[in-house]
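K.L.:
Let the hints inform the model, and build the full structure from the sequences given.
Now for the letters of each chain:
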Amino acid sequence: QKEVEQNSGPLSVPEGAIASLNCTYSDRGSQSFFWYRQYSGKSPELIMFIYSNGDKEDGRFTAQLNKASQYVSLLIRDSQPSDSATYLCAVNIGDSNYQLIWGAGTKLIIKP
Amino acid sequence: DGGITQSPKYLFRKEGQNVTLSCEQNLNHDAMYWYRQDPGQGLRLIYYSQIVNDFQKGDIAEGYSVSREKKESFPLTVTSAQKNPTAFYLCASSIRTVTGELFFGEGSRLTVL
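Keeping their order, the protein sequence lines are chains A and S.
One gets our numbering by counting positions in the first sequence from 1 and adding 4 to each.
One gets our numbering by counting positions in the second sequence from 1 and adding 4 to each.
Do not take every clue at face value.
To be verified - Straight-line C-alpha distance at most 25 Å; calculated DSS-like pairs for lysine-lysine:
| no. | chain 1 | residue 1 | chain 2 | residue 2 |
| --- | --- | --- | --- | --- |
| 1 | A | Lys46 | A | Lys115 |
| 2 | S | Lys13 | A | Lys6 |
| 3 | S | Lys13 | A | Lys111 |
Treat the hints as calculated values from the structure; they're not laboratory data.
Quantities reported herein were computed from a predicted structural model and do not represent experimental measurements.
P.N.:
Here it is, written out as structure tokens:
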């Protein structure tokens, strides 16, 4: 069974520090990788995607992909209280959105 | 403003009753999806549709039904055959089914009494 694993947390990080969120996946053939943010009681919204090994930066967010080790991570620099949310990792085992496998999410708490 | 509208936001149902969740989008997206979210679990795909008048079962379609008579609309019916229907239901859309961003509605929380 294809799986995506995330530590459920909560992960508590001081304001201004770097938050590091990790995700591992079981299918070596996975093609693309996504991070969604979900505030409590709200719907997920896409914040980053990555297709190739290495780092991809977008503002305070950096996605890191290591296909050999089958993990993808999300770094949030200069963490703000507004970053407090659950972060969902989604892995596409094919090339269509209906092939996405979702992790259960990591709850992140930024302490002022 | 473009977006996805789900209704109702909260719904209570007695056991044995069918209930229909509405999902409407004005993003002109071809593909639409229904997911179920339970505590401690990842999103699970119920049904998806790539085009009007066509839809496919996802991983947990049993006890659910959908229709796609209009591009903008993709309602989900939770039938009495669904044994554990209490959950948070999310409707999403994308321009196409090829890998890309999913846009989600605000969700519908269904509670079976």
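K.L.:
It remains to establish, for every hint, whether it holds in the given structure.
P.N.:
These are the hints, each one checked on the structure:
no., hint, verdict
1, A:Lys46 - A:Lys115, "21 Å, holds"
2, S:Lys13 - A:Lys6, "31 Å, violated"
3, S:Lys13 - A:Lys111, "23 Å, holds"
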